[in-house]
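Could you put together the complete structure from these sequences and hints?
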Amino acid sequence: MEPLNNKQLSTPKLYLLTGLILLAVGLLFGISGAIQYLVPDYLKEHFSFEKIRPLHVTSILFWIILGSTGGVVSYLQQYNNQKIKYPFLLKIQYFIFSTTILAILIAYIFGFFGGREYWEFPPILALPIAIGWILFIINFISSVKTFRNQPVYIWMWMTGLVFFLFTFIESYLWIFPYFKNNIINDMTIQWKSAGSMVGAWNMLIYGSSIFLMEKISSNKKHGHSIVAFALYFTGLFNLLFNWGHHIYTLPTYQYIKHISYAVSMTEIILFSRIIWLWKDAVTTAKKHFHYAAYRFLLAADLWIFLTLLLAILMSIPAINIYTHGTHITVAHAMGSTIGINSFLLLAICFDILHDTCIPIAVNIKWLNRGYWITNISLFIFWISLIIAGILKAKWQMSASPEPFSVMMLQLRPFFGIFFIAGTIMTIGFYLILYPLIKNQIVCYINQSKIK
Amino acid sequence: MASDLQKTTVAVILIASFLAYSSFLYMFLPIKSYATSNDCIEGKKIWQNYNCAACHQVYGLGGYLGPDLTNIYSKRGPQYIQAFISNGTNVMPNFHLSNNEQENLIAYFKNIDSSGKSDPKTFFVHNNGTIEQ
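The listed protein sequences correspond, in order, to chains S and F. Using my numbering, read the first sequence as starting at 1 and increasing by one per residue. Using my numbering, read the second sequence as starting at 1 and increasing by one per residue.
Read the hints as simulated data drawn from the structure, not as lab findings. Even for Gly, the Cβ is constructed at its ideal location relative to N, Cα and C. There are no misleading hints in this set.
One-sided and incomplete, this derived list gives chain F residues near chain S with beta-carbon spacing under 10 Å:
#1 7
#2 8
#3 18
#4 50
#5 54
#6 60
#7 130
Keeping only pairs whose Cα atoms sit at most 25 Å apart, straight-line, the calculated BS3-like set for lysine-lysine is:
#8 S:180 / F:117
#9 S:438 / S:365
#10 F:117 / F:75
#11 F:32 / S:180
#12 S:145 / S:221
#13 F:7 / S:215
#14 S:394 / F:121
The structure is reproduced here in structure tokens:
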């Protein structure tokens, strides 16, 4: 049996390692996609954008899913101080996920698509993912045993697990003619599931981040506090009901839009809390900045502030009609997946994967450089998208708009900045990922030789 | 510290409301009549099989490399669309669709076009921040 905490490449660590490799690959696909905004006929005939975009999106989505899984399982084991109930189920889940991800990427390369936003692979490949996720839920519930007097992160993990499955299944209702045959019905349900699903994986990641924060600060009270649960329920409320802000311009029920608008405004509570605790956060940052894991938590804090501000503004329908369909939405998505999800997951990775035969401290100089390069370039990347979005919004609202291709030419300088900043950001990420991935692989090979 | 009972009560209320909301929406979809022609259904398959949403938007949702196609049918007409599909552009490859496939795809665009207008200029903004078309 694998020991709980050691320098071996355990199954939860394998999830994180595979996630990190997918992040590295996804970034490369991202750059290839960005080039096509500047040189449209680049790779057009054999590796055009309809292939590159899903390769990028799927790699990054599965980095988030595998990273979340590795984080939840590792921290659940640490919390219970014992191994997960069914380690073999975790291995089966890993086998299912890794082979399915590979099959999805190969399907894209050969041009087989399901053609839905986020889940662009043929629908049959959703089946093993759902089965793998059910195994995860069984393992989690069996390992937690009781939900009495549990800290907030156990609630968050449970919520994330259940609602990911619910929304994932919901996202495939389109296969039934009852939902599929009318575009408005189809898009309403599609964005209902997509909107809530993001909230589901956020629950998994934020839960692990709270666990990590408690571990760093050695303060075990926060997870049981009223404030923590109040914030959790605000998050859950938004997960369940704020999805309508994606479809303000769709001719669907008005009440969906009103509910979403009202619920989204409760995010101001979360936003106000960040501002309220700003001074404390700075003091704590000075105290813990030497921890690599803490640094990424801190960076994510800043990105939560920026992304949440943008999200609240975009959730106001009167503003949304300007931002919808523009690169401001892309800026929001990139800020969330890179600045929040990826940074929080990197914090979790540094906490869990530092336990190898080679100390991370050996690479600290390059790691520092990578950290700052990534953050600064992400900010430039984000701003360039917002400016491109503002210009597109102006074009959309123009009484006599120029042709689409002319507008895209006008945005080209900002796509250039976006591409350069994205490339530099990838280099920054690689400096961060290199020690994490290399150490795991080298130590695994060394162990295999000893055996 | 809130008790388990208080926390469970809040969670149950929220989740029950969500399930009721979801069930209501599934039972009473926004558009009651969903009779669609076979051409249009086939057209939608082509749209998905070629992953057109990677580059194009419908109602502002989808990719950003190509234009929003919600009302392309009424704005440009079927011949214009067919010319683009059959030749490709400097950005979009020629997918070598058969005549039948092109017609199905155009039928799908016609169907989308008849569902509403996506132009943000057509919305009226109320003082409370809500919008109406």
